[in-house]
Amino acid sequence: MTCDEAQEIFGLISDLKETDSRWSELEEHIAECSDCAAEFDLWMDSRSYVLDLQVEAFEEKAEEINRNVMDRIYRESPWLIPDQSKPFEVPASTRRHFSLWIAGSVMIFLSSVLYFVVMGKSSPKETAEAATGILPTGIAGSADMSHFSYDIPVTNSGIIEPFVVGMGPSHPQYWMILSVLGVAMALISLRRLSHMRK
Amino acid sequence: MTDSQMIREIKEGNVELFSELMRRYQRKILAFVYHMLRSSHLELMAEDLCSETFYKAFRSLHSFREVDASFSTWLYTIARNTVLSELRKQKGAHIPLEESGVNPAAPAEIAPEQAILRNEKVELVREAINNLPEKQRSALILREYDQLDYQEIADILGQSVSSVKSLLFRARSSVKVQLEPYFYEYNFEQYEGMKSR
Numbered sequence: 001m002t003c004d005e006a007q008e009i010f011g012l013i014s015d016l017k018e019t020d021s022r023w024s025e026l027e028e029h030i031a032e033c034s035d036c037a038a039e040f041d042l043w044m045d046s047r048s049y050v051l052d053l054q055v056e057a058f059e060e061k062a063e064e065i066n067r068n069v070m071d072r073i074y075r076e077s078p079w080l081i082p083d084q085s086k087p088f089e090v091p092a093s094t095r096r097h098f099s100l101w102i103a104g105s106v107m108i109f110l111s112s113v114l115y116f117v118v119m120g121k122s123s124p125k126e127t128a129e130a131a132t133g134i135l136p137t138g139i140a141g142s143a144d145m146s147h148f149s150y151d152i153p154v155t156n157s158g159i160i161e162p163f164v165v166g167m168g169p170s171h172p173q174y175w176m177i178l179s180v181l182g183v184a185m186a187l188i189s190l191r192r193l194s195h196m197r198k
Numbered sequence: 001m002t003d004s005q006m007i008r009e010i011k012e013g014n015v016e017l018f019s020e021l022m023r024r025y026q027r028k029i030l031a032f033v034y035h036m037l038r039s040s041h042l043e044l045m046a047e048d049l050c051s052e053t054f055y056k057a058f059r060s061l062h063s064f065r066e067v068d069a070s071f072s073t074w075l076y077t078i079a080r081n082t083v084l085s086e087l088r089k090q091k092g093a094h095i096p097l098e099e100s101g102v103n104p105a106a107p108a109e110i111a112p113e114q115a116i117l118r119n120e121k122v123e124l125v126r127e128a129i130n131n132l133p134e135k136q137r138s139a140l141i142l143r144e145y146d147q148l149d150y151q152e153i154a155d156i157l158g159q160s161v162s163s164v165k166s167l168l169f170r171a172r173s174s175v176k177v178q179l180e181p182y183f184y185e186y187n188f189e190q191y192e193g194m195k196s197r
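The listed protein sequences correspond, in order, to chains A and B.
Just so we're aligned: 51 in full-length UniProt numbering is position 51 of the first sequence, and the numbers increase by one with no gaps anywhere.
Just so we're aligned: 153 in full-length UniProt numbering is position 153 of the second sequence, and the numbers increase by one with no gaps anywhere.
In isolation and in its complexed conformation, chain B is listed as follows:
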């Protein structure tokens, strides 16, 4: 059954089908929400905001028109607006990393020094993504983590395809510039380590 058929049946009263429709997209939307919140250390809210996204989608399903956008694009748009609204509310309320509880744990076989380096690297990348302007950050997440194509990203962000390319270029460039000092430092440490052996 296609999305369109499912949506038509849901609109006709078969509400149970919405659960099935959610299953098709819930992992993608949850991942997107998680990545959007992660840079702000608000990952714990990802499930709530994902639920909110799907609930809003159900409530607005009557207004969804497939000619305007695919259901997937429409869902991503709702998810992005929900996250942005929450981020605006949380603006200024910085949650320390230790309290988020979802800092990626280092694998058991990694030595403590390497685990520290890994956490440092994770924190640097988070910070670099968090420092991006919102549209650049959304474009980067939708492209790198959700693997959406330019057209889909353009529909979600309400931009042209060429603008999306420009946003992606600037986002990647900015992340690279922010990470450069770390690369040099890391390479220098590796070089020093090799020299001392």
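So that you can see chain A by itself, here it is in the shape it has in the complex:
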């Protein structure tokens, strides 16, 4: 090893593994070269000075930091605080049943919405024909007069059919009520489930 080569690795010699061949080469070199030996001592002394400033005992401080960070997290995001009042552990099967219930309720809601959208469009409009009061004209003496008849609209007769008012929910309205109940049940179940999962 030459002096230049030795100078090049002085700065990284402390990072070399003990088994590295450059260690033994350097040792051989500094045994022969007094300048490099002095330089090597300076490098090692300055490193030991730097290492003297190392600080390790931080256990108490570290625990304090841990508490501070967790307190800050919970203070700024209170919803992340674990629920300490949890009465009992909810088994996985119960949670699964709750999930199925919620899914079923949501399905009822979606089905009812779909029903109203589809059936609401296809129902016939019950609108009365407009009565104009204009009658077709008959010609006296014509050949087909014997079997001629006037179709007088009912409204023109002065007699009005009674109004028919649908009392009570009809079939689609039961669906509406059911869907609202389904959504309500789903929301209540979801809230209860999330409360228990905390």
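The hints are simulated quantities; they were obtained by calculation from the structure and are not laboratory data.
Please read all numbers here as calculations on a predicted model, not as lab measurements.
Take these hints with a grain of salt, some might be off.
Using 25 Å as the maximum straight-line C-alpha spacing, the simulated SDA-like pairs for lysine to any residue come out as follows [to be verified]:
(1) 56/B / 39/A
(2) 11/B / 35/A
(3) 17/A / 11/B
(4) 17/A / 39/A
(5) 61/A / 147/B
We have chain A; now place chain B onto it with these hints.
Structure of chain B alone, referenced to chain A:
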């Protein structure tokens, strides 16, 4: 439980586990922050900045991707950025040594003259490290005090491994050059002391 498993559970809502995850790294990160601040006599802020580092880590945990870096490397990066940001704020506001309150106390059995020499030596090394450019200083602290390998330091500093080697070489060389006068003076005093006996 590995870091990855813990992080996955924390992301799923088990926030309590973050406390456990912190315990794995808090001493290392606190030591790193302390050493980074020490050269600027700002050690008293180490705990606050360490807390800030972990809080930022918790807030950004959703963006952490293990394929990019290990959790440890990611934490060191946050810690370094937090310290640098604080140092920029404090730039120019020099805190005298006596006010920092954490000047290493000399052991009781050391004679007063030796205690003075020791404090002088500590101050010299601090000054030497503080005079280093920021990347050299970070590389030196991460290598000498935190014993990270070249690759980890490279990831934290965003440099290549060869650049890290170069940074370390220049940092150690600079510290040595700054301390040389002290070594000569100290050796001369020792030599004079031996001669007078």
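Are the Cα atoms of residue 11/B and residue 35/A separated by 25 Å or less? 59 Å, violated
Between the alpha carbons of residue 61/A and residue 147/B, is the straight-line distance 25 Å or under? Given that 25 Å is the threshold and the Cα spacing comes to 21 Å, the pair holds.
Is the hinted pair residue 17/A and residue 39/A satisfied, with a Cα-Cα distance of at most 25 Å? 21 Å, holds
Hinted pair, alpha-carbon criterion (25 Å max): residue 56/B, residue 39/A. Please report holds or violated. Status violated; Cα separation ~44 Å.
Residue 17/A and residue 11/B were given as a pair; does the straight-line alpha-carbon distance stay at or below 25 Å? 40 Å, violated
Checked against the numbered hints listed earlier, the structure breaks hints 1, 2 and 3; every other hint is satisfied.
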